Every structure is written in C-alpha cells, then in structure tokens.
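Student: Take a look at the letters that make up each chain.
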Amino acid sequence: MVGTVIFNALSIAAIYTLVSVGLALVFGVMGIPNFAHGALYTLGAFITYALCVQAGLGYILAIIGAMGTLGLIGVILEKSLFYPLRKKMLPTLIITMAIMMAVPDLIPQVWGHMPRIIPSPFIQTISIGGLVVSLQRVVSIIIALSVMGLIYFFIMKTKTGAGIRGVAQDSEAASLMGVSIKKMRLIVLAIGTALAALAGGLVGPLFSIYAHMGDLILLKAFAAVVLGGLGSIFGCVAGCLVLGFAEAFSGAYISTLWKDVFAFVILIIILMVRPHGLFGKKETVAKLELG
Amino acid sequence: MEKNKVKKPMLSKILVYLGLLAVVCVLPLMVTRYPLHIMTMICFYIVLASSLNLIIGYTGYPSFCHAAFYGIGAYTSALIAMRLGAPIWLSLICAVAVTALIAFAVGLPFLRISGVAFAIGTLAFGIVTVYLFTNMPSVTMGAAGLRPIPVLFSTKVPYFYLMLTFAVATVLIVYKIVNTNFGRSLIAIREDEGLAKYVGVNTTMTKVKIFTIGAMFAGLAGGILAHYLSWIAPAYFTYLPSFMAIIALLLGGIGTILGPVLGSILVVGLPEILRPVMEFRHLVFGAIIIIVILFMPMGIVGKAKQLFSKRERISG
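Heads up: the protein sequence lines correspond to chains A and B, in order. For the first sequence, the positions run 1 to 291 when our numbering is used. For the second sequence, the positions run 1 to 316 when our numbering is used.
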C-alpha cells in the first residue's frame, strides 16, 4: 500500500514538474505568472490526440509534434502579445488570463464536448519488485527526470542558459553585457510551452482530456512554483514533490474529497513562515508593476 | 504623471454625472426583468472592482481573493438569516463584521509578501475558501448551495436601486479615500514602499487597513447578493469572479475612479451582448480583452487621460 502511494506521489510530481518548470522559466524572464500556461497544456494534450488518433501518427511522434506546435504557438504569443507589452506587467497578466478563458471555448469547437483518451503503447501494467504499476506512469517519471536533467544542464552549463539566468536576475544589466533579451525570451517561451504540451501528452492516456483540464493543474503548478521559491528551478521541483506526496497520501489516507485543497493549504502555511518560499532568495520576490 | 494633486471636480462635470445617473435611474421603468438583472449585476461588479481598485490600483497589491470575501459575506448573511432567523439588516451587519475580521486576519500575515507571491497566495486563499463552502455540507449544504434565503424585497426593482445607491456610494467613498492623507500614503506604498516607510508611513497597518476596507465592501455586496438571488452556491465565488473583477479593473483603467465603473459595464455586459455566439462567447470575449489591452494597456480611462494630457501639452 505505502509503496503504491509513494509511486503515485512520484508520478503526480513528475507531471506537475513538467508543467511548473515551464511556468517558472517563463516567470523568470517575463516577471509575471503566466495564466495561459494551463490552456497551453490543454491544447498540447488535444493536439497530441489529433496527431495520434486523427492523423494516425504513433503516440511518440504525436507528442513530439504537439511539442513542436505548442513551441511555435509560444513563439507567436511572445512575438505578437507578450513582447510588445514587456514593460507592462499587469496588462500582460490580463492577456494571459484572457487566453486562459478563451481556449476552453475553442476546444469543443474542434474536438467536441466528449472527454477523450489518448491511446498509448505504454498502457499495460508492469511489476517492479512486487509493486504492480502502470507503465505509462513509469515512463512519465523517467521522462520528467531526464527533461529536468537536460533543463538543468541547459540553464547552468551553456552560454544561452547563462543568458537566460542573466535576464531573469537583471534584464537591464544582462542586455548591457550583450545578451539579447528578445532572443532569450523567445527561447524560454518556446521551451516552456513545449514542456506544457509534453505534460499534456503524458497525462492523456492516464486521465481523460477535456476542455478545462488545465485549470486546476495550473493553479497547483503556481502553488508549487511559489512554494519552492520564485526564481529557483530546484525549488520548483521540490515544491512539486511536496505537492505530489501531500496529494497522494491525503487521497489514500484522509479523503479524496479534500486532496485537491492540500496544495493550497500547504502554500499558505509556507508563505506565512517563509514568505520567499522554501528555496527562494529574499530579493527574488518580484514586484508586479502597474504600467 | 501627476498623482497626488487634489483636483476639485468642475461643476459641469458633476452635472454630466448627475444627468447620467438620472438616466440610469429611470431605466428600470423601461426594461424587462432580465436586463434589469444584468444592470443589477453591473452594480455588484462596480462595488467589487472599485473596492479592489483600492488594493490593486492604489496600493499596488494584486489581490486575487476578492470573490472569497464576496462569498464569505454572502454565506455569513445567508446563514445568520436562515439558521438564526435574524432580521436581514442585522445579518448584513454581521456579514460585514465577519468579512472584516477574516480579511484582517488574512491580511496581517499576507501583506508582508508582495508581488507575485502575494498574488498566488491570495489566489490559494480564495480556492481554499470555496473548498470549505463545498466540503462542509452540514453547514453550507455543499455544492448544491443554500436556499431559500429570506429576501429583502418581493420584487427585483428595489434591489436595483439599492445596488445602484451602493455602487455610487462606493465610487464616492473610494474617491474620498484616495484624496485624503491615508489615500496618498497608499499611493506612496505603491510607488516605493521602502521610501514610504522611510518618510514615516506605517506601511504594515496602512496595507492591512485598506485590505480590510476593500474586503468589507465585497462582504456587504455578497450579503446583499445572497438576499437578492435567494440562492447561493460555492460556484459563484470561485477564482473566476475574482478574475472578472481584476479584468474589469484593467479594462476600464486601473488606479482611476471611473475605470472600474466602465470596466464592470464591459465585463458584465459584453458576455450578454455575445449571447448569439453562446458556444464560443468566452473566445470572443477573450479576444476583445486582448485587443483592448494591446492598444490601451492602461485601460480605457487611462488611454483617454493620456490622449487628453497630450492635447493639453500641445495646445499649452
């Protein structure tokens, strides 16, 4: 029993990590919580479905295709909306909220009102050391781990990664050092939205996909990002692990009725004790400017 | 940008507002039940957005839990009137008091945090509140909601006049608050909190005070809503109405007196006008928001002010 619950916690944390790391990266360069991220996750899941079932590509190819498509959508959003408004944080915030409201209305126009399941070749269960688990969840955990490894390497060890860190810390100073803010933002937006699509594609075979699937996970991913400490990728992963374990254990031992609320209760408690989150630095608590 | 100048409103301006108000006052005589309901809901949103303006627009703290206070007010008033059989004026007073207490208790720790962490923290508080409404069926009847809540008036028309009065009063009180020393200290906090503290503003108490005052408006609006609809459910108070109030604020013009009024008319009115495209009205609504914000990032009133001041500069 405990083994299954821990495994479930890890697989929940894996999906949350993929969603919230994109959110944290985008927050780093844009300085705003991107409310459109959940809608992009939903869109990623449905495009995976379209490529997999309607176009007849394989599951893996479909996910890669969805990541590419969403990365492109991220670039278009950045070029047309976010970049022109880059100095105006609250207006940008409202635009992301508008996207969050608009996309769930778009989905039924294309894919109908029925919830759908993405067929996956990894749907069978396997036994690891006496623990019977779904292969899809194992695959999700492995993919999340490798993606996190790649992101860590990219952000910490490459020149572009250093540029992104620079923009996140102080965009003016970074631009004086010859870093192109425009380029860094584009790269981060593309990576972040592609990761949201990946998470959507991985969730599709486990749970049904529907127009409002992105709402709750977006709010939880926000909780994880703030919980871990804004501006800290490591904190973001830690936040997702905390939420994954809280959810799996409360769902198994307390009540499934309350399992979704724990993320927010934990966030509130942590913010009371440590306003800058578990691993955040004091000065990274960013201010939302009006204009 | 001028910020702290106290301007005496011109007599002609006041006359224009009074004229508009008179038109709004006779409107209920000409419309049917449903448009009247929409007009009443616009008044509710004017109260919500204007009071939120004090917290977001003037103090610079992006609160995402305004609908939670709206809900706390509604549930308090409804429960006291239903379970204890108290007269409605008393239950409304209790609603304001309870909302103020909770806002004070929440604001005290939360307002130490700023920016995005504050936004997400308050969002989390709003979500937890709705979960409490939903998951305590013995008290709140759960997702099905509370009904029947005793009503104030037997017809809907008096509610409109009540809410209109409340909305006008809110706008006037916000105007008054902003033009006092207290209001100027709010703006000082928004512009530079460290400096505000340095020149002697008790920033913590000022922030908690304005957060509580803003919540009290929402609480009273919620209380009236409960007796107006005679049925409330947790779904009315999720993060979406909080978002709507924020969107109304930004569309109309944040940090302006008339912005929330214009924004509320748009946010409540537009989805109704879009009824013919019911299936994807949120899509169209979202697109309209994006276009308005893209061309007028500081909202309609903000843009108008900018144009006006430009013309003044050229002619002067």
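Hints were generated in silico from the structure; no laboratory data involved. Source: prediction; values computed, not measured. Fair warning: there could be bad hints in the mix.
[Claimed, not checked] To give an idea of the chain B side of the interface with chain A (calculated C-beta under 7 Å), a few residues:
1. A117
2. N135
3. M136
4. I293
[Claimed, not checked] Some chain B residues judged to face chain A by a derived CB distance under 10 Å, without partners named:
5. M39
6. F118
7. L240
8. I247
9. H282
Note that the Cβ used here is the ideal one computed from N, Cα and C, for glycine as well.
Student: Taking the hints in turn, state whether each one holds.
Tutor: A quick look at each hint next to the structure:
| no. | hint | verdict |
| --- | --- | --- |
| 1 | A117 | holds, 5 Å |
| 2 | N135 | holds, 6 Å |
| 3 | M136 | violated, 10 Å |
| 4 | I293 | holds, 5 Å |
| 5 | M39 | violated, 23 Å |
| 6 | F118 | holds, 8 Å |
| 7 | L240 | holds, 8 Å |
| 8 | I247 | holds, 6 Å |
| 9 | H282 | holds, 4 Å |
The earlier numbered hints that this structure contradicts are 3 and 5.
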